[in-house]
Amino acid sequence: MNFGFTEEQELLRAEVRKFLDRNCPLDEVRKVAETPEGFSRQLWGRMAELGWVGLLLPEKHGGAGLGWVDLVVVLEEAGRSLLPSPLISSVLAGAAIALGGDSEQQSRWLPDLAAGTRIGTLAFQEGDGIDPAQTSLAGVTTDVGFRLTGEKLLVADASAADLFVVAFRASEASDALSLAVVPRDAPGLGVEPHISVDLTKPMGRVRFDAVEVSGADVLGPPGSGGELLQRLIDCGATAVTAELVGAAEAALALTVNYAKERVQFDSPIGRFQSVKHPLAEMYVDIESTRSLCYYAAWLLDENPSEAALAVSRAKALASERFPKLGIDVVQLHGGIGFTWEYDAHLYLKRAKWGRPAFGDADWHFERIVRLAAAAASAV
Amino acid sequence: MDFNLSPEEESFRDEVRAFLDENLPPKDERDFAAVAEFQRKVRERRWVGFSWPEEVGGGGGSVMQQVILKEEMAKRNAPSLGSCFMGLAWVGPGIIEYGTEEQKQRFIPDILDSKYQWCTGYSEPDSGSDLASLKCRCELQGDEYVVNGQKIWTSLAMWAKWMILLVRTETDVEVKHDGITCLLVEVDTPGITVRPIKNMAGNAIFAEVFFDDVRVPVENRLGEEGQGWRVTVSALAHERSSISEVYGLTRTLARIRELAKTCQRGGRPAEEDPHLRRRIAQADMRIEAMRLNGMRFLTKQLKGEPLGAETSINKLLRAQLEIEFGELALEIEGSLSVLGKGDEACPEDGHWQHVSLNWPELVIGGGTPNIQKNIIAERVLGLPKD
Ligand SMILES: Cc1cc2nc3c(=O)[nH]c(=O)nc-3n(C[C@H](O)[C@H](O)[C@H](O)COP(=O)(O)OP(=O)(O)OC[C@H]3O[C@@H](n4cnc5c(N)ncnc54)[C@H](O)[C@@H]3O)c2cc1C
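Line order of the protein sequences matches chains A and H.
The numbering of the first sequence is my numbering, which starts it at 1 and goes up by one.
The numbering of the second sequence is my numbering, which starts it at 1 and goes up by one.
So that you can see chain A by itself, here it is in the shape it has in the complex (with noise of 0.2 Å):
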């Protein structure tokens, strides 16, 4: 029994830790936030040297072989720096081929996924829901493969992916869902930036204007890409936990040091209770978040399958308990808080950009129903 991490993930956790203070302290962050990228090519560059972007990949591919373990370890410390990075969409996509591609196509596109030359993406939501089957991008069949015409919305990173893994719809059937991988300079794929309110994640329209995707850019058979898909974001959903309990942490931290020194009534203001009592809860809601989006990931490596009821547990605690964190980190800090100049607001945003990443709370919570009846059933 053992729930920690190795010797080797406490290193990559604090060679992660000591190249992002180094590299990416809050005020780069700003900078690199407001640049029309959105993130740094230089670091990315070097992450990637570091074997971070290529984590997952096998090591055929260039990859480091490891696993979802080992990701959340670089994930919580990417989080607690609010690093602006493709790095959970590059995953993403690498996965995707990873898991739904075949020998050829992982031959074709891991190596540069891994080497950081080529960043990937998942296009699939098309407005507010999160469930495969609200997929509608049209793919009409041709003699060839597919064409897709259509729009994706809330794309993670469209501006930086050159390789989009786009969910379409051959038919109405409910089995008609796929996934193709899509380069960027695809005739007829446009990409737009949204507006996004968290300037550390950018995101972006891609339209689809009768972009022509052969049978050999879709990942798995025909038809198989809704189970596909669904696994996906359940290891987005578990990506994303993990950055939000190392952005809660760095938030939490932020606070806890300014009650200490700002002094009201004679006193450091952490004294009053009304203060240190939201902090405990702060810590108690990151506690229990971390253990259980550690538990997701390893299920993640070590049974799949079962791993869907562990991911709702945790999105879901992150999703309903980090707004409200980056709400309190605001008002305790006072009038300093609400200033741009000031950080709090860095965290509420990636918090509240968190929050329906993946699934919101409501959508975890129905699923948790559901699958802990099933599960509780079973026994």
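No lab work stands behind these hints, which were simulated from the structure alone.
Hints are not guaranteed to be accurate.
With a Cα cut of at most 30 Å, we get these calculated BS3-like pairs of lysine-lysine [as the list claims (entries may be wrong)]:
| # | chain 1 | residue 1 | chain 2 | residue 2 |
| --- | --- | --- | --- | --- |
| 1 | H | LYS385 | A | LYS324 |
| 2 | A | LYS260 | H | LYS300 |
| 3 | H | LYS198 | H | LYS115 |
| 4 | A | LYS18 | H | LYS300 |
Some chain A residues well away from chain H (every beta-carbon gap over 10 Å; in silico) [stated by the list, open to error]:
| # | residue |
| --- | --- |
| 5 | ASP112 |
| 6 | GLY215 |
| 7 | GLU341 |
Just so you know, even glycine gets a beta-carbon here, dropped at the ideal spot from N, CA and C.
We have chain A already, so just place chain H with the ligand on it with the hints.
Just chain H with the ligand now, kept in the frame of chain A:
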């Protein structure tokens, strides 16, 4: 990360399971005699006081074995290992750590055999959360201590034979935690009056206890004079990972889900109500968080690191759940939730009404949520003490 048991741990688990298969009385046959027989057999195996050293009659079980034993018992909803609740929980460990040889021989075997109850005389009318401010007076006269004062909320006092008691032997102290002494007192000693207090659920489980020139032999002092705080509160609060508690919570939630199938809300089964579904999921999520937090605490323990203030996390989650369970069940019952035990129309004969009136035992009894938050804020986050 690895959630598997080692082969030795597995074989211990199998031993416990086999024991339970053979000896656990079925749920509807658990009368007093059957439970007593079960507890006798558990005792024979040295699974009572399993964590205690073998030389005092304990089982010498490793941390992991203790967890496995408790977990397997909890999974099957087995009766408690013994009925001497406080003796097994903290009096025994206190005597083992601070007691004299004579005290160990006198008390430990009886605790292991659950021969009689112990009760705990710590809280006073003016000293609850601020326990160290306690005032119950105590003076040494010859070879006897003479105690005068009052305790309150003393659970089981009316049935207990012995009490672990905190008194003040010195008032002129710089720090209030000094000058407190721990005594082991027979409850039928002349001068002790026990007055039961009825709680809001209508039951009398705790009591006020009055001390009027109560004489306690010096050899009944546990630890040194003036060291009572260390002997009891700090030293006995051996923090544990609290994993096994989760099974009880899981069972309660499963029962609430059953209730939601049978009760109607707006003409539909309550289990279809989105608001109630959300609350069921929230409880499920928090129970699992407790279980996994507990696993992380256990991992720390297994590495030989002591557990500290972080265990307040699960106390807070638990407090929230204990209150929520009663409230959720009553909301599911709807209009009928106002009926009490004995009324024909009352769902499950008042079970949830009982639950909804008994949470203070767990929410207040072991340190209130406010106090748990202070502990986290001060000891983990390093905020100034209030
Ligand atoms: C069912 C039950 C069984 C019990 N059994 C025993 C027993 O066997 N033996 C025994 O000795 N005691 C027992 N107790 C007593 C229990 O330990 C105390 O009730 C508890 O410590 C709280 O003390 P109090 O009741 O005096 O409340 P108080 O300490 O007066 O608290 C009142 C309120 O003030 C809050 N408060 C107090 N101090 C602070 C602070 N510093 N910051 C913020 N809020 C604060 C509390 O959170 C609470 O909400 C039992 C209690 C219950 C409910």
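Verification of the supplied hints:
Between LYS385 of chain H and LYS324 of chain A, the direct Cα distance comes to roughly 25 Å. Compliance with the 30 Å bound is thereby established for this hinted pair. A distance of roughly 29 Å separates the Cα atoms of LYS260 of chain A and LYS300 of chain H; the hinted pair therefore holds under the 30 Å criterion. Restraint check for LYS198 of chain H and LYS115 of chain H: the C-alpha separation of about 26 Å stays at or below 30 Å, so the hint holds. Taken as a hint, the LYS18 of chain A and LYS300 of chain H pair is honoured in the structure, with Cα atoms around 25 Å apart against an allowance of 30 Å.
ASP112 of chain A, annotated as away from the interface, keeps every beta carbon of chain H farther than 10 Å; the closest lies near 31 Å. Its beta-carbon lying about 40 Å from the closest one in chain H, GLY215 of chain A satisfies the requirement of being farther than 10 Å from that chain. With a least CB separation of 25 Å from chain H, GLU341 of chain A remains clear of the 10 Å interface cut-off, as annotated.
In summary, the structure agrees with every hint in the numbered list given earlier.
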